[in-house]
Each structure stands twice: as structure tokens, then as C-alpha cells.
Amino acid sequence: MWEQRECRAKAACAITRLAVSGAMILAAAACSFEVTNPGPVQDEFLDNEKAFQASVAGMAKTYALALAGDDDGAIVKWIATVTREAFPSGNQVSFGVGPWAEQGILSPEIVANPWNAGQNARWVAEAGIERMEEVLGAAAGSDPLVAEAYMWAGFSNRLLGENMCEAVINGGPKESSQVFLERAVDQFTQSIAVAQSAGESTIRMAAVAGRASVYADLGNWSAAVADAASVPVDFKFGALYFNLTEADYNFWAWSKAGAPFLSFSVWNTPYKEYGETAGDPRVTWDFDPDIPFGGLSRPCCGQVPFFQQTKFNNVTDPIDITDGREMILIRAEAMLVTGDWATAIALVNDDLRAPLGLGPLVVANLTDAWTAFRFERGIELWLEGRRLNDFRRWEAAGTPGVYQPLEDANNTDTFLSPSRDLCFPIPASETTANPNLG
Amino acid sequence: MMDALVRGSSGFSRSAGRRMNRGLASGALVAISLAWAAGQAVAQDTGTITGLVTVEATAQPVVTAQLLVQGTTIGTISGPKGRYMILNVPAGRRTVLLERIGYAGVSLEVDVPVGGTAVLNFGLEEVALGLDEIIVTGEAGRSRRREIGNSVEQINVDDILEPVVNTEALLQGRVAGLMISQTSAAAGGGAFIRLRGNVSVTQSNFPIIYVDGVRIRSDPYPSNNDRHSRGNASGAAASGINMINPNDIDRIEVIKGAAATTLYGTEAAAGVIQIFTKSGAGGGDPQWTMQSTITVDHMLKYGTDDFPYMRMKPFLKNAFGQEYDVSVRGGVNDVTYYLSGTLKDDDGVLPNDSEKAYGIRGNLGFQGINNLSIQWNTAFTRRDLTNTAQTNSAAGLPLNVYRGDRNYVRSDDPELLMGLLDYELTSRINHFVTGMSFRYQATSQWTHRLVAGYDFSFLEHRNFKPFGFLTDPQGVLQNQRWSNEILTLDYSTAYNITVRDGITATFTAGGQIVDNEENSTTAWSSTFPGPGRPTVGSGAVQLAEEDRIRVVNAGFFGQARFGFGDRLFVTGGIRFDGNSAFGSQLGLEAYPKVSVSYVVSESGFWKEAWGQIKLRGAWGRSGRAPGAFDAVKTWAASRYGDTPAFLPQNLGNPDLGPERTAEFELGFDGSWLDQRLSAEVTYYRQLTTDALFPVTLPPSAGNWNAQLANVGTLRNNGVEISVNATVLRRNKLSLDIGGMLSTNHSEIVSLGGTSQFKMTQGPAYVVEGYPAPVLWGNKVSNPDEIADPVYEKHFYGPNMPTTLFTASTTLRYKDITLSARGEYQGGHWMHSRLEEGDVQRNVKWPPCFDELERGVENMTALERSYCIPSAIKRDYFFRSGDFFKMRDITLQLPIPLVFAGGASPTLTLSARNAFKWTKMEVFDPEMAGQNGSADDVRTIRDNVPPPATFTASVRVIF
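Chains as they are written, first to last, in numbering that gives the first Met the number 0: chain B, 0 to 437; chain H, 0 to 957.
Hints may contain errors.
Said to hold, decoys possible - Covered stretches of chain H, as calculated for chain B (at least 3 residues, CB under 8 Å):
(1) 428–435
(2) 544–554
(3) 737–746
What the hints assert, rightly or not - The calculated DSS-like cross-link candidates involving lysine-lysine, where the alpha carbons are at most 27 Å apart (straight line), are:
(4) H:K312 x H:K355
(5) H:K312 x H:K300
(6) H:K632 x B:K49
(7) H:K312 x H:K918
(8) B:K173 x H:K918
(9) H:K316 x H:K843
Just so you know, the hints here were simulated from the structure itself, not pulled from any lab data.
Note that the structure is predicted; figures quoted are calculated from it, not measured.
Note that the Cβ used here is the ideal one computed from N, Cα and C, for glycine as well.
Construct the complete structure from the given sequences, taking the supplied hints into account.
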């Protein structure tokens, strides 16, 4: 009854009541909208100096993933397939590269993963450096983590510069792939300087070795030799892999697992016969009669005999990204470039082959020396993701010498296309998302 | 009192002792918690009302009609053979109100003698239109159907003959515009559910689900997938809606689009399904229902004549199951109750599959305080599932069997393949839901309603490959414990006034908070030291993960409805919502609505011969919130060996808001020929703006997850037509037929400047001007040439059915009823990843045997494209998804036994999915899903199709 007494205007009364009710509900609701869920790390937390170690570890990890960790990215499998360091024998999707890349064709539609992974490694390192320098100020010049960050930025740019046909930086326009290499030189140089100040000798040496290889890529042989000569032959620096999740595994060790994929074989590659006959510890493979074939028949050649590489047997095996032995190769190649083939081959024989108990390379002229050297470099850096760039720069420079028969795209036995690609084009994932590429 | 009842109820030959026992049992169950209510005074001068409820035209009994003595809270529900009895009715002249979906409401007066029994029989008139039925879902309070401007579907479970396997099966083929499609034969697997197609391409399209006003989980539960070993999955996802025992359900209301779901706000664009469970009724004897059901699942043939079941035959079994249900409903004084229990033990057709489940429910009503009614409903269900690994899993049984000797076992020997069955996939799902609703009638004009509810799902998956297992010899064990808690607080108030003669107004307002928290802890280990049954701590490699996600959605609304002459109703309303997943720059989101309903047949100019027609039109908006982390810039915590590491994750978008779906629908409900013919016709058109599309950043700017942005626009439109006709209506014989047609056509209107993108499963893309999503891949352009195939890119069509059609019929002769219902889904395409993967692996594909015998040189390009591994192309094997299945054929007949008390059991025999037709040559469109129903695109995977289920059930109500 009370509402009849107090609310003569019923509609007004109702509206008042509704408004009061709504306000109560709103008040109850409004205080509950702020929710912070645990797990993902908010961006501003990375500004904390104590988080820099994890940021740099992220740089190392993204590089390791781009090289040979993540099945989707793992550029080593693409390079090995196109250069016939290995022959695909498993699934064309999981652990594979697809039918076109198996023939050496790297079209923009299929190469998104290696491009994306490589660019991610570069971006993570460069963005991390920017953040660290902003937070640290002048102290960045002697901070060991900054030195390491520059080193990872250098290696990431080297990976891109050696393998991508063209460069794109941070959503910008298309540029020459040399841009990646030039950035790598600058970043290695910065790393060397900061590491020197910080007393980080390993990082400094890795950066020097990395810069030597990039100078070689750029054809700056004098600078390359100068850097290479300062690196001890037993120096090694690798990307690390771990027995954690599949993404942390060394791709080569994991992809040969009998279950489930049996993805790459040494069959029909130059390394099969060499590994069988040379007794070279750098090229080893094995055959298990219980696993006679790879996981998937190929359109080209049916079931592929499964000759599994044993260079990387454990998922925790690191992959060298630079070492002193590569420096010997750089010095030898610099000599070949000048025509001093005898000294070059002698250097290879004395400093690379003899310590392994291998007989010397015997050559009679510059062309033979180049042919032998080219394969020797393939042997030394087998499955480490460097072979495509070697083919590319040798083709570009008109280097003397010939391919091994089973890596020559003009040899039909390789099942490669004669128009094999020697670099990765900018993928559709970049061209469609980057307005500067129209 | 007891003697008087016995004397007065001569039509009920129950013994007093038996009734007393039942009364004591049921009374004891409620007395403890309801002692205060029992203290209410019981009228001393009372009598009993008893009688029959039948259909006037056919004299068929009507069960579960709700009877209420006007002006009191005393009532009951009609039982078997339409009988009812209301006790403790105050003596004197009384009016009894009767309501039952599908029949016109009736009120009759009767004189109740002190201590005696009055007989009052009801003859009901079937109504096809049900204009005065009460609808709750989508309404701010209780509304009559005549007042509502949008389409609402209502299913009365008592009208369903067949023993219902689960709640999804109950809904399947019964609601226009509702697509429910199974994904495999996996025990406990849930179905793919869509109402009016996809309203989103990145967010969930599952309608939200309420049970008695309490929000429960609507998305599928997580699948039992090994999160670290590549591609090992159960291929099935259980669903929350199936945790509700279908035997507990009284009715279901379904509202389909934004025009109807506005008052549910941000999360309701894909529709709302509300389940109402049974409740008790005071005043009568307790009503017991007991049901015993046995089932046999049998796999219908698939594959080819030469390779039936595609080599799976040795692994499939006829699966036997049994289920026992018991329930009691009634009331004591001001307390009503419904209590039930169920026990289920089913095998699956796959060798490792089984399901064991039990559930209990208690629904209690209190009406002892002035003008306040309280309903407290609680249920608990436990399901233990064992599954065989299916789908694209290296350890999956169907995958390895379908691939012949080109599999991961490297043999097609069934003995060797049996080794895969050592892979153990077990799941325990506990579901608890409780809700208390208060309804307070402050005055005759003003009501308040408050619902507080809690829904808790707990799931434990164990995923175990023992030491020495075929594909993981070192062994793997994963244990995932996942939970989902949903708290609902929902308040609404309604105020009715008469503005002037013939003009009424109802003002409603309210608010709602839904707090949804999902937690998951996963422990994984591998490399066990040796055989045996390990724990996660036994492996040399151990990993742990934890995910915790909480989303809060809250809002308030207001609505005004004006009625003119009780035949024209105009409604306007608005809801304001906030959501914790919105970007920091976004405030409250507004969702308006307006609707008109006009019962034109009650206008003066209308002639009775023109039938009864209600015209309706509605427009409204609703939304779909982004994911919990989509608006925030975040990095993923990872590690590089022993060192923690940050990796890019989400770039974040502070402006991120909900997808906004506006829907317009127009239609009519009509009945003609003395209610023998009825139809509902609806046209709808939905436009989702600000659709959340992934804006892919250039990879050269970091490999962030594609950032969602409110940029897209997509459209859905279609027609829904339901027609039911009573062809024959005699005392002993009646024949009803029905048909339901619904169409759905979607289109991506605008990508908002982003690039077309691929969905997560299969070659399904979001492309401007095409359905959402469209299957896009390769097509052979020279099919008939004797040559290698030449491929060209081709848009095949939508992945969602564009046409759903259900035909049903019910034939009744005396107490015997035969019904049948078939469903067609069509107009869509599916990609067969299964066939593509197998042919690619040089599996000698059974459908190609004839072609291969002729030799490659004699094959056409089309034949080579699906038989010759070197000629096939990825993204090629597209199949029409059209199919028809006989969803049920059911015969119900009485068993000629009469138990003490007059109860007679009923036997129901039913066959579900016993006949199918499909355009697929080898497989079945309902064997889709890498993650069961959780996939956004339906793709044929290495599953086995759902089996036919044959059921025999005996039910007795007394």
C-alpha cells in the first residue's frame, strides 16, 4: 500500500526505483572489472634491470629456434634440402619443407616460417638492445649483457643476410640483403667493444669470429682474414638445445627419431658416399636394418632409404654458429680468391684435415682447388645452415670449380629443379602485412 | 487424515502403508533442511482434489501438467495416465489453474469438502500457438509469448518419446537454426553447436548456456591432448551441456541471435540456451519415476565394399550400455522437491572406450514466507571416460589403421596395431552446479528476482604411453587438472502498471555479474626407467605448466514494454556492459534493442476462419568479448636451458572491445484449421561489426601473435520455417507430421583493411565477399583429360551448413506411439585431411583400386589427382558435407502389467542414427575434428564416425 500513498505518479515512481536498482548493480559491477591474470609478462616489467638476463636469453633462444630448434622455422632443414646436405625422407609437412622446396624451389608462398623466425631473432635482439641502452644509459657501454645482446643481433642479421634474397627492416621498404650483413658488422663491432669493456672474452671472440664470416660474405677479404686470424682454432660458439620441449630440441637429432618421423636421410647426397669411405669424423651416418626407409614415400623416388646422420645424435647437441675451424676456411678462401691455391689447400690440409687424421687434399690447379675447397667447406659446416649462402655467393662471384654431382641441380639424379633457388624470397607473410612493400 | 485420503481416492488403489513409506522417505529428505518451513501452520479444514487430465479431442492422458490452487502455493503435477491428486486444499469453493506447454491454459472451479475428496477432470485443448505460454529466456522477467517480438523456441522434454542419450541429442534437429553435429564415436565426446551459423571467426561461436538461471560452461572442455609430444590427441572434447542429466530437464528455451539476446550482453551474440530442470509441486503424493535403459552401439558401414570400415573392422565392437534413473517429485506444506539420481555404464565402439557416470540432483522450493518464493537447485555429475586415441595422432588407432602398412607402426598387421591400445587416455569430469533464486512479489505490481549461482567443472586428464610403447618407447605421462568456476549474480525487478484502459506498461531493470575463472595445471614427464605404472615424478624429463584466466563481465539493463489491448506490444531496452578483457581505453558498451509483437488475429477486423496469427519484429545488439589477454602487451615466459627467457607474445591493443552483432528479425507465428496446422516463419539478418580479426604485423617487426583488432564486418542471413500439422485426430488414432527448414548464408562484408587469413584448422579462409569461413584450395582444371592434373585455385564454399531440414512424424494408436525424425544438413564443404595425408604417403587408397589396376597411363587427370601420390596437391581433397541421418525412430508402448498403486510400465524402443546418407564416398561428415568440437573449422580427420545407437527402455511412474 505504501507505494500508492507515496508514489502518486506511478510511472515516475517506477523509474526512480529502476534507477536506484540500476545504480546498485552498476556499483557492484564496476568494482570487479580490474582483473590481472598471471602467466604472460606485461611489457613494462621488461624494463627492470634484473629482467635483462631473461631478455638476452630470449635473444639466444629465438636465434636457436630460427636456426634449428623450432620445426616450423628451422632454417637448417630448408638449406640442407635445397643444397642436398640431406634428402627429405619423412612427412612433407611436419619436419618437412614441402614438395616444392624438395625440388629446390623457394617460392614466396612457402618460406614464411624461416623468414619469420629469422626476423624474430633479429627484432628481439635489436629491440632488447634499445630497451637496455635506454634503461642503462652510459653504463650500457660496459655491460656484459649488452655485449651479448649485440652479438645475438649480429648473428641474427648474418643468418638473414646470408640466406634472404632481400632485406626488410621493422616493416620498412625492401632493401638489398647486404643491409642485413652491414648491420651484422656494426653489431659485432659494437659487441666486441662492449665485451672488451666488460671483460667478456668469450662473447668478444664469438663476435670477432662472426664478424669475420660476415666480412667474407661481403667480399671484404682483408678484414675477414684480420678477424679470422685472431680466433684460436679450437674456439667454438654454438646455439644450445635442451631436452625440454620439442621446440628446445636440436632439430637434426629429433627429426631422425624412429618414431614418428624419420625425416631426413643422407641417401642420394654427396655426404653419403663420403661418410661411407673417408672415415672423416665430421660426416658420419648410420643405417638400421629395422628402419630401412624414411617416414614417407617421395613423389620423385618412392621410399627413401633411411641413412641417418650421426653428427647430431642427441637433442641436446649444440650447433656451432662460429668456430676457429671456420676461420681457417675463411683464410684459405681468401687465398683462393687471390689465386694462391697451393697455400690455401696446404692450410686446409695442415690445420683442418691433418688434426683429424685425414689425408691431404691433392689438387693440381686453381679450379680443382676451388672444387676441393668447396666440398671441404661443405664437410666442415655440414648441416649447420651455411651451405646455401656458399652456393649463392660462389655463383654470384663466378667462382671456379664445380659442385659435387649430387648437389648439382643440373644433375637429374638429384631430383632438383635446374632453376634451383639459392636464397629465400620475401615471403607472402611479409608482403601482405607490410604496407611499404605494396 | 490418512484414512480420509484412502477413502477419498478410490481411483488410486495404492495401499496406505506403501504411500506412508514413500511419504516418510520423501518427507525425511526435506525435513532436515526445511524445518522452519514445516513449522508453518497447516490448515485443519482441508480436503483433496483429484482427477484426470486428458486431451479433450482424443481422450489421451496428459502427463506433467502443472496444477495450482489459485491463491495458494498448493499444487501438483499430473502423473501417469494423466492422474493427479492435490492434498490439504482448504475446503470451500476453489479455483484450480492448469498449465501445460502445447495446451491452452484452463481454470476450473470445484467445491472441496472438509475431509473429503472432490473430483475435477480437465479436458485440454491442444494449441499450436501457445500465445500465453510463459517465456523467461531473453526477457527481463516472465513474459507471455504474445508479448515477445523475437523468435523463441521451447522444447518440452515430456513430449519427447525416445530415451535421450544426452542433452545435445535432445536438442539435435528440434530447433530451427540450431546445428548440432557430432565429431566422432569417442565416448563422452561433445558436439559442434551453432545457432544461426558463425557470428565470429576468432571467438567462440558456442551459444551460452544457463541452467535454471545459472550460467554454466558453454565452450567444450579441454581435450585429452599430450601438450608436448607431437600430435597425440584423443580427438574428442566433452561438453558442459552434456553434464546435465536429460531426464532432469523439464523444458529448454532457445533464443538465437542478438535481437533476442540483448539483455545477456557482451557474451551472447551466438545465442542463448536455457535449461529448466524439473521442480516439485506441493499438495500431492510424491511422484516416483524409475527408468531402466539398455543400449547397443553399432557401427554402420563406412569405407568401400572392398575395404569396409577402411580396415577398422577388427577393432570395432558392438558396445553395450546400461543406465538407471530414479526420481521423485512432490511437496510437503510450503516445500516442494524434486530429487533424482542416475547411474550409467556404457562401452564405446572403439576398443578402449567406455563411460561410467553417475549424477544426483536436488531441487527444492520454498514458499513459506509472505510473497517470497525461493528455489534452490543443485546437481552433481561425475563422468569417468576412457578413450582410444584418434585424429591426427601418431599414436592414434584409426590413423595407423587407415594408412595400411604406411603407418608409424610400419605394418598393417592387426596384432601389431593392437599395441597402440596400450596408450591410455582417461578422464574424470566432475560437475557441480547450484543456484538459488528468490522471487519476491512486493506488491501485485512489483516483483524482484535474484539468482545467485555457482557452476564448477573439474577435469582430470591422464595421458599415458607406457615404457616400450610403439611410438614413444621411453614412455610419456601427462596429468592435467583443469577447473572452471563460474559465479553468476543476476538481479531484475519488474513493475507493471495500467496506464489507462487497454494500455499497460511494464518497466524492468536489473544487472548481472558473471565471474568466470579457468585454471589448469599440467604435469608432464617422459623417459621412464623401465616398465610399470609410473607417476609424473617417475620420468627423467619433467615439465610443468599452469594457466590461470579470470574474466569478469558485468552489466545492467533497463527495459520498458507497452501493451495495447493485450495484442500489440512494443518493447525497448538497453544493456550496458563492462568486461575485464576489454582494452583499457574502452568504457562501458551499450546494447540497445526494440521489438514489436502484434497478435493480429485478435483485432476486430480479423475473421476466425483466417486462423490465429502473431506478427513479430525485433532488432537488437549483442556482443562477443575478446580473449582475456588480447588487449594487453605481453611477453611469454620461457627458458633457454636453465635461464629464464622472454619471447614476444601479444602486442596488445588498449582500444580492444567486443564484437558487436546487430540483428534484425521479422516473422510470424500462426495456426489454422482449428489448431491443426501451425507454422513459424522467421527471416533474420545479422551484421557483426567491429569483428575481431587478426591484424598480422609484418614479421620483420617481430613475430608477435597476430593482434586482434575490431576491424571486420560479417553478415549472416537466413530463413527459418517450422510447420506442424495434425493430419488425423481421432479418439484412438492420431497422426502428426512436421517439418523444419532453416537456411544460413554468411559473408565477410569487409576485412577492414587487413589481409585475408586462414583459420586454425584446414584450408579454411576468411576472405572478403565469401562465407565465413570459405574453403579455398586446389581444383583440377582438366578433369577428363588423360594427362597429369592441372590445378587451379578454387573457392569451394562454406564450411557451415547452409541448409538444415528436419522431418518428423508421430503416429499414435491408443497407447502405442511411433515416431520418426530425420535431419538433413547440407550446402557445405569439408576438407578431408585424412585422405590427403594418406594418399600422399603412398597408401594404396581403397577407392582407387580400380583406377590403379588400369594403370596410371589410362587414368584421367581427376583420377590421378586423388590416386597418384606424385600427382596430388596439398589443399585439394574437398568433399561435400551434405548428409541425412535418421536421428531417431521410436516405438513406445505400454507393458501389460499393473503394479500395486495402478502404475503401468512403458516400454520404449528407439534407434538413433540407424540410417544415413551422405555424399562422401568413403567417410562420414560427422567424423570431423582434430580437437573434437573445439575446432573452429570442421575437417575430416582420422576418427571413426558416430555409431547407430539402439535403445530399449522401461519406465514406470507411480
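Here's how the hints hold up against the structure:
Coverage of the region 428–435 of chain H by chain B is violated in this model, with 0 residues showing a Cβ closer than 8 Å to a Cβ of that chain against a need of three. Check on the region 544–554 of chain H: 9 of its residues sit with their Cβ under 8 Å from a Cβ of chain B, so the three-residue criterion for coverage holds. With a cut-off of 8 Å between beta carbons, the region 737–746 of chain H has 0 residues touching chain B; three or more are needed, and the interface restraint is violated. Between the alpha carbons of K312 of chain H and K355 of chain H the distance comes to roughly 25 Å, so the proposed pair stays at or under 27 Å and holds.
Using a Cα cut-off of 27 Å, the hinted pair K312 of chain H and K300 of chain H holds, with the two alpha carbons roughly 9 Å apart. A distance of roughly 20 Å separates the Cα atoms of K632 of chain H and K49 of chain B; the hinted pair therefore holds under the 27 Å criterion. A threshold of 27 Å between alpha carbons decides the hint, and for K312 of chain H with K918 of chain H the separation of about 22 Å falls inside it, so the pair holds. Using a Cα cut-off of 27 Å, the hinted pair K173 of chain B and K918 of chain H is violated, with the two alpha carbons roughly 49 Å apart.
For the given pair, K316 of chain H sits about 26 Å from K843 of chain H by alpha-carbon distance, which is consistent with the 27 Å threshold.
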